[in-house]
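Single-letter residue listing:
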Amino acid sequence: MLFNSSEFIFVFLPFAVLLHFALARWNVAAAVAATTLTSLLFYAWWNPPYVLLPILSIAGNFLIARAMRAAPESAARRLLLAGIVANLAVLGWFKYGDFVASIFEGRKPHAPEVPLALSFTTFVQIALLVDVWRRRKAVSFPVYAMFVAFFPHLIAGPIVRWEELGPQLRDRARYRPDWNNIALGLTIFCLGLAKKVLIADSLSPHVGPVFDAAARGEALTAAAAWGAAYAYTAQLYFDFSGYSDMAIGLGLLFNLRLPINFAAPLRAISIIDLWRRWHISLSRFLRDFVYLPLGGAAGGPTRRAANLFLTMVLGGLWHGANWTFVLWGAFHGVLLATNHAWRRWRGRRTPTQIGRFAGWCATFTAFVVGMVLFRAADLSAASTMFQAMAGFGGAPRAEAMNVAWDSWGIRVGLIPEDFVRAWLGANWSLVGSLWTAAALAIILFVPDTMELTNYREGEPHSNWRRDIGALSWRPSPLWAAGLIALFVAVYANLLQITEFLYYQF
Amino acid sequence: MPHPRTFVLALLAGAFGLLAATMAVNYTLDPQYVFGTPLTRVDDNANFRVHRVREYQAQRDKVDGLLFASSRGRAFDAAHLAEKMGASSVAKFDVTAGMITDHLPALEYVLRDKASHGEKIKAALLLLDVDTFGKLPATNINIDSFLPPELSGEHPTRFWWRYLTVFQFRMWRGIVAHRWSGGGEASRVNSPQIDIHRVTTAGFGGTVLRAAAPSAFVPSNDAPQVKLLVNTRPNLAAHLDLVAHFVALCRENGIQLTVATTPMRVDRSFLYDPADLRDVVERLSRVVPLWDFAAPQWLAADTSYWDDSSHFKPIVADMMLERMFGSKAPEDFGAMRPRQHRTQRAASRASQG
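Protein chains in written order, with this note's numbering: chain Z, 1 to 505; chain F, 1001 to 1353.
The set of hints was computed from the structure by calculation and includes no laboratory data. Because the structure is a prediction, the values reported are computed rather than measured. Don't take each hint at face value.
[What the hints assert, rightly or not] Chain Z is faced by these chain F residues, among others (derived, beta-carbon under 10 angstroms):
(1) 1016
(2) 1018
(3) 1167
(4) 1177
(5) 1181
(6) 1232
(7) 1236
The C-beta atom is built at its ideal place from N, Cα and C for all residues, glycine as well.
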């Protein structure tokens, strides 16, 4: 079941929220159990037999955590290692088994069928095991099960930490409905839904033909390759940040505050800043459980660069078993190391306005270039895209058009046909360019969901919020009318149900 | 609005009010004619995937012949077809934008159903559209293209929920206009064309294919202003496999199967690369012997044989039947392509070379 489906919005969600608070009036433990069960039902909707995987995983990790708490130091360490290895082994089996085999067999890897949510729940549970090992804290099974299975974050994050959600789950005051949180939650959910359905899904049909053509090895124009790369960057941002907004909104309906996952990252003026604002909960996990254990910045600049590189390669690999993801991670590792070197060289001088603009241009362009690796089907397709972006695509004037977005404009004389055939090619369109430009304008100039609602949770390290004054959310008639209008627009577009891009990771 | 509770209730009232209104309108107007309560029935909007199954169920005892086709199959008269195929009664599964992804589940359903009654199908005619073969299917994409639960295995609740809750303002407006104007308007407003302009696929790789039909007939020597050669057939191999499965099922069940391609009007075929169209026919002929109804110029360019750029008239269907099962058809219309093996094809190419 997807957040952007009518059965979720009108049936599952009201049922789950009402059941939670109705049972909580009688018994908090019953509410916890019921919400865990509804979360597992939410998961099972995708593939019923696979629900055994999170159930076994939750039970197994809980037993390890409990044994660790009672064990002496050395035994606890061994248990921790066993727990981490077991979690990674399950992830590796499903996600990387064929990839590793393909390396030895010298063939292309097949797309693996990874159980939904496995990548995210693996990280959540590893973080918890480490937390329990460090602090020897007691964890009750029902609360732990709801912590992991809670459906708003189960499938694609945010990757929550026990110290964020655990205390909230044990706080009995949170089991009474709070109208403020429900109002805020519905608002954030609706804004996230609009980002996904109205913007991300509108960009998808423009992105697909270009990347598919690259996968077939067809020559592309530079405009098509750059256009599709920009469009995909915007699509992924609106898709995943929209999903994260919805997750936060859903959490608020249950009186639980999930951490922010996106802090207007595409407005960042450096790649370091961008990674503090993009998929924050993953960056945080990689920092705490990969980068810092590797030594972080402690061993000097060279060691830090190596650690950053390795962390980002692993982060890339986490997204999927494909060399494109490995290269994407390596690319960002190099960018981060370069950015740190630049900062060392430049010192603590505050950048000028021109410097900030130049920083944004460089950061954004580098990120867009990296997105080609993220989206391309394989290295060959990525190479086709890069050649085209560099102006060496060698695309002839398009005689055959694979997309018809511009056909109306050409027919009525608004768009010169020669321009489309010569400059945009068979797979890109002026309409796609305009949609992409509009989406980028929204990213850059319109306050994002968290700015609008002033929601502050988690740890974005960047001061990214703008003062938006009168635009700030409040439970006013104007906001209610605006949200209802937005929901009508979303609802009118709900027939084409599309999965969230991050469901595949 | 002093209290957040009022805000929440307003939002919920708006959302659930929208849902209730949508359900009421869908049930009343019944645009796809799935509830059986249409204010005005407009067949152009109907979900033929559902209707053809219902029609089959209504006459299942008599049926021993089957026709599988896209909407182009509507030109075929069931009684005439039965007579030509040597069947008592033919059930037509001619569905809008129908492809092998629709035909195979329909065949499987009929075979299951017939087997449960101890009955058999005698003959079947499978019509394939070369222009759309191997492309992204409309099956289960648009509101008028969802397979009925009998075919898809989907839970009926989910199926009906979808038809109750879908927001289809333009369709509603068209039906009301049709009713208001006494019947002439909605057919035009609610085009039978699948809105593949909006088609997206889940996740990565969603190619959108559109073949915009010209608004008026274009003579063969006058190229359309925007020529859309949609060469990409991402599902070609998969669809060929489905055809092979279809053929095997017919063979296993003793069904006398005839396979044919449908003719295309000249302006339609102009949108495609002729070599690409020939290649599709050739690949099909490796799977099953088939009748190739690539239309000769006298038929392809004469509007009197066509309802629109995609759909031929019953007279053409009759000619096709004559060619396949009779003897009175024009000789230059339709050619039998026997099953061609890879080795034969290579040899033939070598001899041509």
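Taking the hints in turn, this is what the structure says about them:
| no. | hint | in the structure |
| --- | --- | --- |
| 1 | 1016 | 7 angstroms, holds |
| 2 | 1018 | 6 angstroms, holds |
| 3 | 1167 | 5 angstroms, holds |
| 4 | 1177 | 19 angstroms, violated |
| 5 | 1181 | 25 angstroms, violated |
| 6 | 1232 | 6 angstroms, holds |
| 7 | 1236 | 12 angstroms, violated |
Hints 4, 5, 7 from the earlier list are contradicted by this structure; the remaining hints agree with it.
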